[in-house]
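S.K.: These protein sequences, in sequence, are chains D and H.
For the first sequence, the residue numbers in our numbering are 1 to 237.
For the second sequence, the residue numbers in our numbering are 1001 to 1300.
Don't take each hint at face value.
Claimed, not checked - If the Cβ cut is set under 8 angstroms, some of the chain D residues that face chain H in the computed set are:
no.	residue
1	G16
2	T20
3	Q23
4	L26
5	A62
6	L95
7	D97
8	P99
9	S128
10	G130
11	T195
12	A196
Said to hold, decoys possible - Residues from chain H that keep clear of chain D, each with C-beta distances beyond 10 angstroms, as calculated:
no.	residue
13	V1033
14	P1092
15	K1114
16	T1154
17	T1155
18	K1162
19	K1177
20	L1184
21	G1189
22	I1216
23	D1259
24	P1265
None of these hints come from the bench; they were simulated from the model.
We put the CB at the ideal spot given by N, CA and C, even for glycine.
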Amino acid sequence: MLDILKSFEIFLQDTGGGETYLQWLLQAWGWTLAVSFAAWIVAIIVGVTVGVLRTLPNRYIAFIGNTWTEIFRNIPLLVQIFIWYHVVPSLFLSLKDLPSFALVFVGLGLFTSARIAEQVKAGIESLSKGQLQASLALGLTRTQAYRFVLLPQAFRIIVPPLTSESMSIIKNSSVAYAVSISELTMFAMQAGEETAKNIQMFLATTILYAVSALAVNEISKLIERRMQFKTSRVGAK
Amino acid sequence: MKVFAVILVSLLMLNVAFAAESKTLKKIKDSGVITMGVRESSGALSYTLGNNKYVGYHVEICEKVLATIQKNLGLKKLEIKYVPVTSQNRMPLIQNGTIDIECGSTTNNIARAKDVSFAVTTFVEEIRIAVKASSGITDIAGLNKKTIATTTGTTTVQTLRKNKKATGLEFKELYGKDHSDAFLLLESGRADAFIMDGTILAGNIARAKNPADFKIVGDVLSVEPIAIMLPKDDAEFKKAVDEPIKAMMKSGEIAKLWDKWFLKPIPPTNTKVNMPANENTKAAWATPNEKPMEEYTVKN
Chain D
1 MLDILKSFEI
11 FLQDTGGGET
21 YLQWLLQAWG
31 WTLAVSFAAW
41 IVAIIVGVTV
51 GVLRTLPNRY
61 IAFIGNTWTE
71 IFRNIPLLVQ
81 IFIWYHVVPS
91 LFLSLKDLPS
101 FALVFVGLGL
111 FTSARIAEQV
121 KAGIESLSKG
131 QLQASLALGL
141 TRTQAYRFVL
151 LPQAFRIIVP
161 PLTSESMSII
171 KNSSVAYAVS
181 ISELTMFAMQ
191 AGEETAKNIQ
201 MFLATTILYA
211 VSALAVNEIS
221 KLIERRMQFK
231 TSRVGAK
Chain H
1001 MKVFAVILVS
1011 LLMLNVAFAA
1021 ESKTLKKIKD
1031 SGVITMGVRE
1041 SSGALSYTLG
1051 NNKYVGYHVE
1061 ICEKVLATIQ
1071 KNLGLKKLEI
1081 KYVPVTSQNR
1091 MPLIQNGTID
1101 IECGSTTNNI
1111 ARAKDVSFAV
1121 TTFVEEIRIA
1131 VKASSGITDI
1141 AGLNKKTIAT
1151 TTGTTTVQTL
1161 RKNKKATGLE
1171 FKELYGKDHS
1181 DAFLLLESGR
1191 ADAFIMDGTI
1201 LAGNIARAKN
1211 PADFKIVGDV
1221 LSVEPIAIML
1231 PKDDAEFKKA
1241 VDEPIKAMMK
1251 SGEIAKLWDK
1261 WFLKPIPPTN
1271 TKVNMPANEN
1281 TKAAWATPNE
1291 KPMEEYTVKN
């Protein structure tokens, strides 16, 4: 047991660049969280927009929303990241100078946006048709109906799937290593090779991934509790 | 308590009894099977042809070694099981006995030697710089303020980091997720140079659409002895592996194997790696040794 604990002393060793492996690990964790958070913002903004578009009566707009969702949902994430990194900049040369951090959080964000759009659409459609009809009959515009009646109810319903999407984003952020972001997965592979202590490195990164995802879960639970109606549940058909 | 002591003592004696005989050799003799760790794509050193077929310079050396071991053990038949390993799992698999010998592209360094053992060095790799022929870069100083690509999960990243600290050069690093990805960074212009093992650079350039577009320049940045990896604390097995390798080095057979894998067309595409053995490798053949990477110094 003592031997196992002692083997973790490797984290205090210098990497050869003037910092310890522990410092590097924490920096890598920071990159993972930064990529995940930025991607999450993109995913929520685009996802909600596309999700709402898909429920509009205009067939062409709904078609665009559906196409968006199917394209981003059905292409493997790693392939999408490579397309953003290698293919798109060779077509639009000005994108070549964009930092890979921007590419990867936009890529990951758009991938997740398709999944969130699906959930937002499902949330809105799960509401009784009467909700929209009554709002319009009361003289609200369609925008107001979505803003004050439909979306607040839909969001309550989709908090649980949104939580699991937000946890997935942290796990999916590991694809960033493929485009040279030194996040946790890259740290594990690189530091493992340098120190010949793969198990220790992967264990530490696993723990940090789990801690991050669990923290998201806890925050979501808090939001869920805050958003609950005090009275009976609303929204079921 | 007394019973416990007796058990402990007998266990210790048992241990001694086993230690007297090589654990690995005994396993091979009893089962008639040896498990060889191989790589999917470690250049011409160890790679797959698909269908669970593995070939390469180190694989062939291992097969010859195992033939000798089979003869010495008096086995009629020795079945070789090939198990593909990665740079992440190769050490744990040797340590827990899943594989008995690893014939891939493992650098012999002090950190690893704490947990595993190495046969005599069969190849000394040189870390070099590959650039586009049109770039005008001729040495490491030319890389100041440039972007350098290398591959995640290699010791080259560490070499680069040390070089950066020592030379005071300023450069941006890009990490490819594998060698072909890192080469793509150079090819697509995202990086100005690709720093990696010479054999890997030569292999990637040979496979490029237009090999003349690239060239390997500058001094050797660092050298790494590559060796066949063995379980730790099994001196008898190490000797059984080392002896035939040393014999091949002496008879010149190893140089012939080198020519076969690095100078002649090799399967599956029948292209040539075109890399003559370097001076360090020739020196390792002339005086077989198991010096770790740290004992090699680069002449600059």
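S.K.: Hint by hint, say whether it matches the structure.
M.R.: Hints versus structure:
Look at G16/D: its Cβ gets to within about 5 angstroms of chain H, closer than 8 angstroms, so that hint holds up. Given the 8 angstroms rule on beta carbons, the hint for T20/D is violated: about 13 angstroms separates it from the nearest Cβ of chain H. With a cut of 8 angstroms, the hint placing Q23/D at the interface with chain H is violated, because the nearest CB-to-CB distance is about 13 angstroms. At a threshold of 8 angstroms, the smallest CB-CB gap from L26/D to chain H is about 17 angstroms, leaving the interface hint violated.
The beta carbon of A62/D is not positioned within 8 angstroms of any beta carbon in chain H (closest approach about 38 angstroms), and the interface hint is therefore violated. With a least beta-carbon distance of about 11 angstroms to chain H, the hint placing L95/D at the interface is violated under the 8 angstroms criterion. A least Cβ separation of about 10 angstroms between D97/D and chain H goes past the 8 angstroms threshold, and the interface hint is therefore violated. Against a cut-off of 8 angstroms between C-beta atoms, the interface hint on P99/D is violated, since the closest Cβ of chain H lies about 10 angstroms away.
Checking S128/D against chain H by beta carbon gives a least distance of about 49 angstroms; that is not within 8 angstroms, so the hint is violated. With a least beta-carbon distance of about 52 angstroms to chain H, the hint placing G130/D at the interface is violated under the 8 angstroms criterion. With a least beta-carbon distance of about 6 angstroms to chain H, the hint placing T195/D at the interface is held under the 8 angstroms criterion. The beta carbon of A196/D comes within 4 angstroms of a beta carbon in chain H, closer than 8 angstroms, and the hint placing it at the interface holds.
Here V1033/H stays apart from chain D, with its beta-carbon at least about 26 angstroms from theirs, past the 10 angstroms limit. Not every Cβ of chain D is farther than 10 angstroms from the Cβ of P1092/H; the closest lies at roughly 7 angstroms, contradicting the non-interface assignment. The beta carbon of K1114/H sits about 8 angstroms from the closest Cβ of chain D, which is not more than 10 angstroms, so the claim that it is off the interface is violated. At the 10 angstroms boundary, the C-beta of T1154/H falls inside the reach of chain D, the nearest C-beta of that chain being 6 angstroms off.
The beta carbon of T1155/H is not kept farther than 10 angstroms from every beta carbon of chain D, the shortest such distance being approximately 6 angstroms. For K1162/H, the non-interface assignment is contradicted: its Cβ lies about 5 angstroms from the closest Cβ of chain D, within the 10 angstroms cut-off. Not every C-beta of chain D lies more than 10 angstroms from that of K1177/H, the closest at about 4 angstroms, which undercuts listing it as non-interface. Under the 10 angstroms C-beta cut-off, the non-interface status given to L1184/H relative to chain D is violated; the minimum distance is some 7 angstroms.
Residue-level check failed: G1189/H sits 8 angstroms from the nearest beta carbon of chain D, not beyond 10 angstroms. No beta-carbon of chain D comes within 10 angstroms of the beta-carbon of I1216/H; the shortest separation is about 22 angstroms. At roughly 30 angstroms from the closest C-beta of chain D, the C-beta of D1259/H stays outside 10 angstroms, upholding its exclusion from the interface. For P1265/H, the requirement that its beta carbon stay farther than 10 angstroms from each beta carbon of chain D is met, with the minimum near 30 angstroms.
Taken one by one, the earlier hints fail for this structure at numbers 2, 3, 4, 5, 6, 7, 8, 9, 10, 14, 15, 16, 17, 18, 19, 20 and 21, listed in ascending order.
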